[in-house]
Every structure is written in C-alpha cells, then in structure tokens.
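> Here's the letter readout for the chains.
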Amino acid sequence: MALAALFSGCSRPDHGYFGTIKPVHGPNEIWINNSTEPEWIDPSTCSDSAGGEIIWNIFAGLVQAHPATLEPCPDIATHWDISEDGRTYTFHLRPSEWSDGTPLTAHDFVYSFRRLVDPKTASKYASNGHVLQGGVAISAGKAAPETLGVRAIDDLTLEVKLTDPVPYFMSLLTFYSFMPIPQHLMESLAAKGIAPELWVRPEYVVCNGPYRMTEWRFRQHMIFAKNPRYWDAANVRLDRVRLAMVENETTALAMYAAGEFDWPGHNSALPFEFMDYVEEFKDFRRHSELRSYFYWINTKRPPLDNPLLRRALSRAVNRTALMTHITRGEQTPTASLAPNGLAGYRGLDLPLFDPDEARRLLAEAGYASGADVPPITLTYNTSEGHKQVAEAIQQMWKQELGITVELENLEWNVFLQKAAQTDFQICRMGWSADYEDPFNFLEILSGASGNNHSNWKSPEYDRLVLEANRELDPAVRLEKLRQAEAVALAEQPLIPIYIGTSSQLIKPYVRGMWANQLVRHPWKYLWIDEAFDPAKPPTADPPPPNPRASP
Amino acid sequence: MRGYILRRLLELVPTMMVIVVASFALVRLAPGSPFASEKQISPQVRAALEAKYGFDKPLAEQFVRYLGRIMQGDLGPSTKYPQRSVNEIIADGFPVTLTLGAVALVWALLIGITAGIIGAVRQNTVWDHAAMAAALIGISIPSFVLGPVLVLVVSLRWHLLPPAGWGDWRHVILPGLTLGTIYAASIARLTRGGMLEVVRSDFIRTARAKGLPERLVIWRHMLKGGLLPVVSYLGPAIASILTGSIVVEKIFNIPGIGPYFVDAAFNRDYFLVMGIVLIDAALLLVMNLVVDVVYTLLDPRIEYS
Chain A
71 MALAALFSGC SRPDHGYFGT IKPVHGPNEI WINNSTEPEW IDPSTCSDSA
121 GGEIIWNIFA GLVQAHPATL EPCPDIATHW DISEDGRTYT FHLRPSEWSD
171 GTPLTAHDFV YSFRRLVDPK TASKYASNGH VLQGGVAISA GKAAPETLGV
221 RAIDDLTLEV KLTDPVPYFM SLLTFYSFMP IPQHLMESLA AKGIAPELWV
271 RPEYVVCNGP YRMTEWRFRQ HMIFAKNPRY WDAANVRLDR VRLAMVENET
321 TALAMYAAGE FDWPGHNSAL PFEFMDYVEE FKDFRRHSEL RSYFYWINTK
371 RPPLDNPLLR RALSRAVNRT ALMTHITRGE QTPTASLAPN GLAGYRGLDL
421 PLFDPDEARR LLAEAGYASG ADVPPITLTY NTSEGHKQVA EAIQQMWKQE
471 LGITVELENL EWNVFLQKAA QTDFQICRMG WSADYEDPFN FLEILSGASG
521 NNHSNWKSPE YDRLVLEANR ELDPAVRLEK LRQAEAVALA EQPLIPIYIG
571 TSSQLIKPYV RGMWANQLVR HPWKYLWIDE AFDPAKPPTA DPPPPNPRAS
621 P
Chain B
83 MRGYILRRLL ELVPTMMVIV VASFALVRLA PGSPFASEKQ ISPQVRAALE
133 AKYGFDKPLA EQFVRYLGRI MQGDLGPSTK YPQRSVNEII ADGFPVTLTL
183 GAVALVWALL IGITAGIIGA VRQNTVWDHA AMAAALIGIS IPSFVLGPVL
233 VLVVSLRWHL LPPAGWGDWR HVILPGLTLG TIYAASIARL TRGGMLEVVR
283 SDFIRTARAK GLPERLVIWR HMLKGGLLPV VSYLGPAIAS ILTGSIVVEK
333 IFNIPGIGPY FVDAAFNRDY FLVMGIVLID AALLLVMNLV VDVVYTLLDP
383 RIEYS
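Protein chains in written order, with this note's numbering: chain A, 71 to 621; chain B, 83 to 387.
Chain A with its partners taken away, still in its complex shape:
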C-alpha cells in the first residue's frame, strides 16, 4: 500500500493521462509488452497467448478477424464457397509470396493443417484441427495425416472438408493454429540437419504476414519490421514494432509511465493493487472479454455427488456483490456458462443470487442445516485474486447455507495436475474463447472432452451438442445448444461466476485499435498520432477499415 501511495503521489499529471504522452521513439514505430517469452511461435505447436500474439502478426491465414467486429474477412483467401451441406469449403487464394519471395500456394495450407493434427508434431492445440474430416483419427494415431480432408485443387484453390457443418468454422480459421507454415523452409532445414523447432528463429524464419522478425533477444525483446512482401503491405502503417517481454506487472506499469511502452499489451495484466488508481486516468480502457471464470465440482466425490447440493451452492453465490466488492473490474456476473448474445446465442439467464432457493435446495438435498454437510474443500492456484474470490465465496456459503468450506491453495503446476486428475472437490478454473461461438464454452462439458474436470457426463448433453453441430439451421442449432446447457446446469457440474473484462492502459497517441471480445488488436492497423494534443478533446477514431473491401 505504501508503494501504491508513492506511485500515486509521484505521477498524477495535470493532463489526466498516466505518465508520458509523447512517444519517446519515432513516428513509425510502436513499443508493446508481450509479458513473457513465448513458448512457441510455430502456428502448429503454439498454445500460449504470448506466442499467439506474434503468430497473428507475422503470418496471414486464409481469413482474418475484423479488428472491431471479429467477422471473418478475406486475407490470403479472396473469397470462398460453402457446399449446401455446409461440410465442404472451397477457398480461392490470391497470388502471394512468403517473405523470402517463394510463392505461397494452397499446398502450404495442406501441409500446415496436416502438421497441426499429426501426432508427431505433438501440438497441444491439435484439437483445433478436429473439425477437419479425419482430424480426430489422425490425432489419435489411427490414420495417416495424408487422409485429412484438406486438398489443393490447384496452386490457388484449397478444398477443406469438415466432419460436421459447424457454423463457427470460419471464425475458428482466424485462430493462429490455422496460419500457414512454409513447407519449403522446413524441408530445406531438414536437409541441412537443423532441428525443425528452430525454424522460427530470426536467422531462419520465413513468414507471410504484415511483419517479419528481425531480432530476438531472449527474455528482452523482439524487433519486427514491416514485411514488404505481405500482400496488403501498402496498408500496413508502422515500419517497426518492438515487443518486450516484461513479466512483472508493476515493472511494466512503471515502464508505461516512463514511455517505454505505448501499450503494455493484452498479455500483461494491470497490477491488481493499482487498479483503483489507474482507472481514474484518461488512457485507461476497459471492455468485456470472452473469458469465463467458474468453479468445477467433482460430481463423484461425496457430498457433492448430490446435484441438489451443487445447485444450492451455485444459488448461494452473490455474484453481483462479488463483482462490486472483490473483483471490481466491471466483470459480467453470470450463473450460466456460455455468454448471452454470443453469435446470437440466447443464454439461460439463471438467477445470479437466490439464497431462499439455495436453502430450499439444501433442505431438498436432505440436509436440515448446512452444519450437517460434511466439510468441503475449495482448491485454487496461488494468486491474490483467486484467493480473494475464494474467501468471499467461502463466507457466502457459510452465511447463506451454514456450510463450512476449507480453502486449499496450490502451486500452478500441482494445481493443474490435480485438476487433470479430478483430484479435488471444488476447484477454480478459467476458460478463454478461441472463436466466437457458444460451443467454444459448451464443449468443455462434453463427456469426451479432456477439459471436463467434473466427472459429469450426460448422453443427452452429448447428443444435443452433436445434433447442434450437425444442424444447418442456425436458429435450431442455437436452441439445441441452449437445451444442452440447460441439461448440464440442471445438474450443476460447475458453478459459473463471471465473464471477464480486459482492462488496459493505452497511450492516447496510439490509434487504430478497436475494442473486441477476443482482445485481438492486429499491429497492421496501429498508427501513432503525432498531432495528439492533450489540451484538445480527443478526436474519435476513424471507423475500422473493412478488410472485405481489400483487393
């Protein structure tokens, strides 16, 4: 707290912005924090957000997400046809080049998609390729990668076959797992005996996106220069991007104040303890993010094998009070899993807090009072935020139901292991969306999902979800998903708590950034407004460009 006071006393300038408001670098570059050293910047193997941020900006896929609406828009594919049964997509590619001048063809996409699901690649995100015909079998080692439903009809025509006519396929295609990989580079490195994982190092990397990596100082920064061979290079505004890896959030905040960052990046959270303070500044921005925070319940371990008791616990959580007093980030409290309004989805609108119903359910579950319920343990991973939420909910359950809950705090890796083995009674979890569709949230409750940590399975749920994904009528599909969610939440294998928000500081001279639910801000739209004057009211950002209009 003393430090917060010092911070506060140190830099509250008259202009109302946090720290410097003039860039300390030239007009054609931007300095961003990526928070940490990426694990992978290979589209097939990447599963971390630090790597994803880089992939999105150095590779161009078939389609790209619109920077404001997230609508899938043309990128390497100029247009596409979808068969009547919704299972076959034919993409028509524009002539384009890799950064080394080699032509980019449909064969590169075939190679990349096969590589994603090939078990030899050992991709943690291989499951993203499971929508492709044969993807599941190939991933399980039961079929050859060549059997994947992807083929190059000619150099500029790609055909993709899906197992089910899932309507979110185009949104999923904007995800980094589907960016192309330069087959010619991989083969040339293999011929030279260079380890394949080294291909993304600046001395070798070949890419096809708006930027290319020119320097990688391990755990310091990466430098990216505009890629003149990107098909839309004429519309890329900044020449240079410096992407730092500063893990400590307070350090990143100090660097932002000093102008060392124009944007601390969406991978770097603002320090919890300074949130109330930085919220007051004009360069603070907040918008909703498709990130769900919930508690898994192990439905096989007594006393929580009783669905009535699980429902009672959910009803006894005062989510609005939790958002107002504990999380304080304007999160959206929710008692259901898939966010309302996502891709037209109408959520269940379950009551956010209903203590009377909670007590009724407790009695129906066979407990005269909460004191009769055997002790329950709530597990979370080490973090001040998780701890505060857990303590508040512990208090709510005690107050509303009289149930005693013990808290268990575990180190991240041990926590993950316990979660994977469902070795807990209640444990906290988060889930971020990779694409815009309610299925992205509901998939975690499927019986076959490795991410279902509840021990809860329902043939009816699995049938409804499967039927939904085979349904061509969007309204019928969403209704089936809604029914599936109702089936699940009637048994409460998890307790949804809130949908998150993204809170960021962005220098007022940084332009070309629009709020969106997946917090994707492509660098190619960013620019530095040299004419920014704090004395004048900020001018409105021009409407987001529509990549659909690109040639």
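Warning: the hint list may mix true and false statements.
[To be verified] Only pairs whose alpha carbons sit at most 20 Å apart, straight line, appear in this in silico EDC-like list of lysine to aspartate or glutamate:
{"id": "1", "chain 1": "A", "residue 1": "Lys527", "chain 2": "A", "residue 2": "Glu478"}
{"id": "2", "chain 1": "B", "residue 1": "Lys121", "chain 2": "A", "residue 2": "Glu513"}
{"id": "3", "chain 1": "B", "residue 1": "Lys162", "chain 2": "A", "residue 2": "Glu481"}
{"id": "4", "chain 1": "B", "residue 1": "Lys121", "chain 2": "A", "residue 2": "Glu481"}
{"id": "5", "chain 1": "A", "residue 1": "Lys468", "chain 2": "A", "residue 2": "Asp493"}
{"id": "6", "chain 1": "A", "residue 1": "Lys457", "chain 2": "B", "residue 2": "Asp381"}
{"id": "7", "chain 1": "A", "residue 1": "Lys190", "chain 2": "B", "residue 2": "Asp381"}
{"id": "8", "chain 1": "B", "residue 1": "Lys162", "chain 2": "A", "residue 2": "Glu317"}
{"id": "9", "chain 1": "A", "residue 1": "Lys190", "chain 2": "A", "residue 2": "Glu229"}
{"id": "10", "chain 1": "A", "residue 1": "Lys92", "chain 2": "B", "residue 2": "Glu132"}
{"id": "11", "chain 1": "B", "residue 1": "Lys121", "chain 2": "A", "residue 2": "Asp493"}
{"id": "12", "chain 1": "B", "residue 1": "Lys134", "chain 2": "A", "residue 2": "Glu267"}
{"id": "13", "chain 1": "B", "residue 1": "Lys121", "chain 2": "A", "residue 2": "Asp504"}
{"id": "14", "chain 1": "B", "residue 1": "Lys162", "chain 2": "A", "residue 2": "Asp118"}
{"id": "15", "chain 1": "B", "residue 1": "Lys306", "chain 2": "B", "residue 2": "Asp381"}
{"id": "16", "chain 1": "B", "residue 1": "Lys121", "chain 2": "A", "residue 2": "Asp118"}
{"id": "17", "chain 1": "B", "residue 1": "Lys162", "chain 2": "A", "residue 2": "Glu267"}
{"id": "18", "chain 1": "A", "residue 1": "Lys370", "chain 2": "A", "residue 2": "Glu561"}
{"id": "19", "chain 1": "A", "residue 1": "Lys352", "chain 2": "A", "residue 2": "Asp599"}
{"id": "20", "chain 1": "A", "residue 1": "Lys468", "chain 2": "A", "residue 2": "Glu481"}
{"id": "21", "chain 1": "B", "residue 1": "Lys162", "chain 2": "B", "residue 2": "Glu120"}
{"id": "22", "chain 1": "A", "residue 1": "Lys488", "chain 2": "B", "residue 2": "Glu120"}
[To be verified] Residues from chain B that face chain A, not an exhaustive set, calculated with beta carbons under 8 Å:
{"id": "23", "residue": "Pro113"}
{"id": "24", "residue": "Gly114"}
{"id": "25", "residue": "Ser115"}
{"id": "26", "residue": "Ala118"}
{"id": "27", "residue": "Gln122"}
{"id": "28", "residue": "Ser124"}
{"id": "29", "residue": "Leu131"}
{"id": "30", "residue": "Lys162"}
{"id": "31", "residue": "Leu238"}
{"id": "32", "residue": "Ala246"}
{"id": "33", "residue": "Asp250"}
{"id": "34", "residue": "Tyr315"}
{"id": "35", "residue": "Pro318"}
{"id": "36", "residue": "Asn335"}
Treat the hints as calculated values from the structure; they're not laboratory data.
The C-beta atom is built at its ideal place from N, Cα and C for all residues, glycine as well.
Once you have looked at the hints, place chain B on chain A.
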C-alpha cells in the same frame, strides 16, 4: 599450498556428484509435469512430447543419459523454451547476471568498507552512529522495496534513468544499487567489527610505537586484519551475487539467470532446473575455496598443509 588446492578441487567431484543425484531426484519427485497446461492435451500428444525429451524412459536410464550428457558439457534442452538449449540459456543470461553482480559488488565494497572504517576509527562518535544506522537501514530494507522506490524517484519523478530493461550502462545503475545495498550494509558492520577486534592487538600497538603515521596503521595493519570476517562473508556472498537475484532481476526485468531458480522449478523445466543448480553449486564451492586461499594471504597465522 598447491597440494591443498588440488585436494580441495578433487573433493569437489564427489560433492558435485551428490548434488547431481539429490537435485535430479528432488526435481523428478515433485508433482506436476513440464507439459501441464490449462487446456488438456491428448494422451498421444503427451506421449509424443515425453518421447521427444526422453521422459518416457525409466528414471534410472534417464539419469544415466543425463550424466553422460553433462560429462560432455551438454546441459540438455529446455522444455519451456523449445527453441533453446540450457547451455544457450545460461550462456545468454550468465554474463548479464555477472555484469549486474560486478556493479553491485563494487558498490557494496566501496560503501561498505568505507562506512566500516569510519565506524571503527571514529568509534562511538556521531560518525560511527550515523554509519551504523545507515547500515542497519540498508540491511532492513528488502530489495523489493528499495528497487521500486528507486524506480519511482529516479526514473518516474526525476526522469534520470530508465525504470527497467537491459541494454546500456544506464540500465545497470538502479539494479546495481538495489542489489549492492544489502551487501554494503553487511560489509560495513563486518568491517567495523573486524577492525575493532584488532585495534587493541599487539601488532597495532607496535606499529604505532614505531611511529607509523595513523593512515598507514589503518590501511596496512588494521584493515588487513579487520577484513578477515568480510572475506569469509564474501565467499558465499559473491557466489550468491553471481548466480543472480530473483527479486532484483524480476523488478528490473533483467535477462540474467536469477529468475530461473523459481521459474524453471515452477515450469518443471527439468533440465534448466538442473543446469542452474549445477552452476550455482559449482560457483559456491569454488568461491569457498577461493576464500580459504585468500585467508592465508591476509592472515599469516593461517596456513594449510
């Protein structure tokens, strides 16, 4: 003397061996996995990853392979940073930590010994009390407080130095001061204590009786004897400075090897944990040997055979 050093060096081999066995066992007994992730991975992917790093083999075989590797100077691959080997990571980070450590050490010795001498020579005066009070404050303020305060004042208010990062001389000053201060404070107290212990010795009285100027008595005789406790403190201190500071390197985002002590363990980056432990252990053992040798140079009464 040469025989002594040789014997001590030979003793390092079994000690290091015990460290390798113990740390290998500890790191592999820890629950968790280097491939743990929030989004579950399939058994096929897990098997492929384990095969890639040899974790599918029996533990004993893995240990023998690892021993073979380190004998050839290969510390293995990093599971967290797949594009880099542990050798590369340490080779990148060690010079950075070394630079920071050198600056911190120079600062610590300069300030610490000066304050210690002042305290001893002007014992029980205002000077002594001031120097020792400053030392007490230096020891008491942890680096996670001193570092941010320096950043707030020097970087954000006065705009004199960058708040964090690594690149040129400007980046090393604040972390150097932060890291060095706590050592400076200890050195000041040890120097003062050591000098006060010898100040009434016969050889000091003799030196004064010979008519040597006080400046020479202090520098040539008192300081030499007074520095003995400092030297024994410096052995582990230098090893600790050279292996990096977790806190200081985190606060100032310095790409040294300090944070790996914690991060590599959290990530279950087995080879990186082992690599860091081995480097740290080797440094500590060698520094202790150096200290023992320096003793003989400072105090003629100490002799090894």
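> Is the Cα-Cα distance between Lys92 of chain A and Glu132 of chain B 20 Å or less?
violated, 49 Å
> Does Lys162 of chain B meet its interface restraint, that is, does its C-beta lie within less than 8 Å of any C-beta in chain A?
holds, 6 Å
> Could you grab the alpha-carbon distance between Lys457 of chain A and Asp381 of chain B and see if it respects the 20 Å cut-off?
violated, 55 Å
> Quick check on the hint: Gly114 of chain B CB to chain A CB, less than 8 Å?
With a closest approach of 3 Å, the Gly114 of chain B hint holds.
> Hey, Lys121 of chain B versus Glu513 of chain A, does the alpha-carbon distance stay inside 20 Å?
holds, 12 Å
> Holds or violated: Ser124 of chain B as interface residue toward chain A, Cβ cutoff 8 Å?
holds, 6 Å
> Check whether the Cα positions of Lys190 of chain A and Asp381 of chain B lie no farther apart than 20 Å.
violated, 64 Å
> Run the distance test for Lys306 of chain B versus Asp381 of chain B: straight-line Cα separation, threshold 20 Å.
holds, 8 Å
> Can you verify the interface hint for Asn335 of chain B: is its Cβ closer than 8 Å to any Cβ in chain A?
Holds - the Cβ of Asn335 of chain B comes within 8 Å of chain A, reaching about 5 Å at its closest.
> For the hint on Pro318 of chain B, does the least C-beta distance to chain A fall short of 8 Å?
At 27 Å from the nearest chain A Cβ, Pro318 of chain B fails the 8 Å test, so the hint is violated.
> If you draw a straight line from the CA of Lys134 of chain B to the CA of Glu267 of chain A, is it 20 Å or shorter?
holds, 12 Å
> Is it true that the CA of Lys121 of chain B sits at most 20 Å from the CA of Asp118 of chain A?
holds, 10 Å
Hint compliance for this structure: hints 1, 5, 6, 7, 9, 10, 20, 33, 34, 35 are not met, and every other hint is.
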